[in-house]
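A.B. asks: Listed below are the residues making up each chain.
Protein chains: 2
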Amino acid sequence: MINIIPIVKVSYIIFRFMKHINKKLYNLIKEIFIKHKLSSEHAEISAKAIINAEFVGAYGHGLSRLKMYCDRIKKKVINPKPKIKIKKISQSISQIDADNSIGFVSADIAIKRAIKNAKKTGIGLVAVKNSGHFGLSGYYAEQAVKKNLVTMIYTNAPPAVAPYGARKSLFGTNPICFGTPTYSKVPFILDTSISMINRGKIRFASKNNMKLPSGVALDKFGKPTTNANKALKGVQLPIAGFRGSGLAWMVDILSGVLTGGNHAGRVKDPFEDFSGPQNIGHLFITFKTNLFVKDYNNRIKDNIKKVKRLPKVKGVKEIMYPGQNKYKRYKMNLNKEIKISKIIKEELEILKK
Amino acid sequence: MINIIPIVKVSYIIFRFMKHINKKLYNLIKEIFIKHKLSSEHAEISAKAIINAEFVGAYGHGLSRLKMYCDRIKKKVINPKPKIKIKKISQSISQIDADNSIGFVSADIAIKRAIKNAKKTGIGLVAVKNSGHFGLSGYYAEQAVKKNLVTMIYTNAPPAVAPYGARKSLFGTNPICFGTPTYSKVPFILDTSISMINRGKIRFASKNNMKLPSGVALDKFGKPTTNANKALKGVQLPIAGFRGSGLAWMVDILSGVLTGGNHAGRVKDPFEDFSGPQNIGHLFITFKTNLFVKDYNNRIKDNIKKVKRLPKVKGVKEIMYPGQNKYKRYKMNLNKEIKISKIIKEELEILKK
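Order-wise, the sequence lines are chains L and D.
Using our numbering, the first residue of the first sequence is number 1, and each one after it goes up by one.
Using our numbering, the first residue of the second sequence is number 1, and each one after it goes up by one.
Here chain L stands alone, though its shape is the one from the complex (with noise of 0.2 Å):
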């Protein structure tokens, strides 16, 4: 049995109230990733990572994953015993060479030293590379946060996306995320890909013989398509063309050209391609609240209550900040068993074999 108390201790927002269905969960993926050789410590930091992608309902990067994370562990291509090494550029700089860990890991302990950088100097500037997928970038976002810090996080992914103007992908959906205290229960954190629609939106269209939006990819000749089948072969579209193309690369720059990890299309599809590691790149900013400001608490509150209190467009109940809609639902889930799937169930019953 594992003893539960230690991890209430290093967590402060999951476990605090859930209920034994949860935990156990929990457990099982622990216990399925110190199977595949992850330290205990390693499969903590990732089962909570999953656990919290399954709560806030970014099914995409929780239990769905965690078949490829152990393949991958079994063909080598991300290293259970890494190595990972800290190397401290300035009081506020330090640069994290994550030795093809899982990415929850070293993505975990960036975002740790970013804050003590942050608290020592007022801010903070890491960066990652041979890491892997790390799952939600608000998820880290909110660790800063919680101690009182705003901060922006890049990282790239395998090629999804077409630059403005190419009939092939290149880009990740690379993510921009942004996060600030706002003195309440919910914090602010934008997390936002820079894709028209998501994969898996598209793979789910395409099993069930449904029409795509107009103006979210291509075919694989480069023409504009609805039919999910082909968007599949095909590439997606950025947010706002060339905006979003130009966003989508300025994260492949930051995440990748400026961190040593992979970029302009070389991160891997953890799901098809096992003929290496990753080397996804990560960057982490973060700075004091109070560096400009004495009442930067009254200042958050006021902004966000001024853009609520905005009169409506029709049939909109209340005008939402980013992160509010996931805090509601992991708030939901946190105290009800998890609704898992078929093929998932099956999945754990024989990774934990």
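The hints are simulated quantities; they were obtained by calculation from the structure and are not laboratory data.
Just to be clear, a hint being listed does not mean it is correct.
[As the list claims (entries may be wrong)] Under 7 Å between C-beta atoms, here's a sample of chain L residues computed to sit facing chain D: (1) Lys35; (2) Lys168; (3) Ala240.
[What the hints assert, rightly or not] Straight-line C-alpha distance at most 25 Å; calculated PhoX-like pairs for lysine-lysine: (4) L:Lys339 with L:Lys353; (5) D:Lys288 with D:Lys120; (6) L:Lys294 with D:Lys83; (7) L:Lys220 with D:Lys312.
For each residue, glycine too, the CB sits at the ideal point set by N, CA and C.
Use these hints to put chain D onto chain L, whose structure you have.
C.D. replies: Coordinates of chain D only, in the frame set by chain L:
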């Protein structure tokens, strides 16, 4: 007569190849600003920014604003003799109180300070408050990029864009700006507003009885409209719905809430509201390219080459990176007389009297 030699010295972009005709225009703008009580130095900084906007084809940030700046000085809502205070927070971090200077001047001081801080410590963070409209973010990004730094610049602006779910505008077109050296003549400068369409284009459509594309604006009742007149009375929509709205909100927080500037829709329209200074906030982030890798120059060159070599959508000749088009226009306009509309010529005549 104004001696042109010191200008050539301080400017690294403009004036190297500029013909007499544009020098004359530059001198005229400078004289107009001096007539409106700006110091010679501040008049030079402002004239350069305005000429640059004309060269790159961003006419909405060029001569079309000159009268507005002068009007605001006359009505004492821009301070022509500001006492700009620079406060050192740390070796990396500085705060600037612009004392309601014309925006160009405080932005110029800020980017120079951000460059200095990054050169010294690897990273620079500079916040500005009590500033005004500073023209194009990309113009300042270029300064940092020329000094071999990566940069991110945020500024807010008067209400133009409705937050997602609202039928009243509150966010400005709040640009996101990112720049990196490319080790070629043309820097990578992303400078993108988060609105679907520029306000200038809506004004143009209104004057010429043209329809707007769908999905770019709402009328004053919150209903989607393609009628430009109704759009002008209504609100502009952010790119990509909730995502773009979140990005605009992020910029308002970074440049307003954090810096001590106005935010939450309180930045006054510079053309219409003379009841007080704008108190716009700006945030400048700069860092060295070689913090984490030794061969950033090769990496960024390789990155751009890989994207440019992708197969293209039919009709596309070249995949462009952000900044390329503006650079092309800049080069094109540098050696020829800038076309000035009759209205603006008349304004210039009156202003110089």
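A.B. asks: Does each hint fit the structure? Answer for all of them.
C.D. replies: Hint by hint, here is what the structure shows:
| no. | hint | verdict |
| --- | --- | --- |
| 1 | Lys35 | 35 Å, violated |
| 2 | Lys168 | 5 Å, holds |
| 3 | Ala240 | 4 Å, holds |
| 4 | L:Lys339 with L:Lys353 | 21 Å, holds |
| 5 | D:Lys288 with D:Lys120 | 10 Å, holds |
| 6 | L:Lys294 with D:Lys83 | 22 Å, holds |
| 7 | L:Lys220 with D:Lys312 | 11 Å, holds |
In summary, the one numbered hint that this structure violates is 1.
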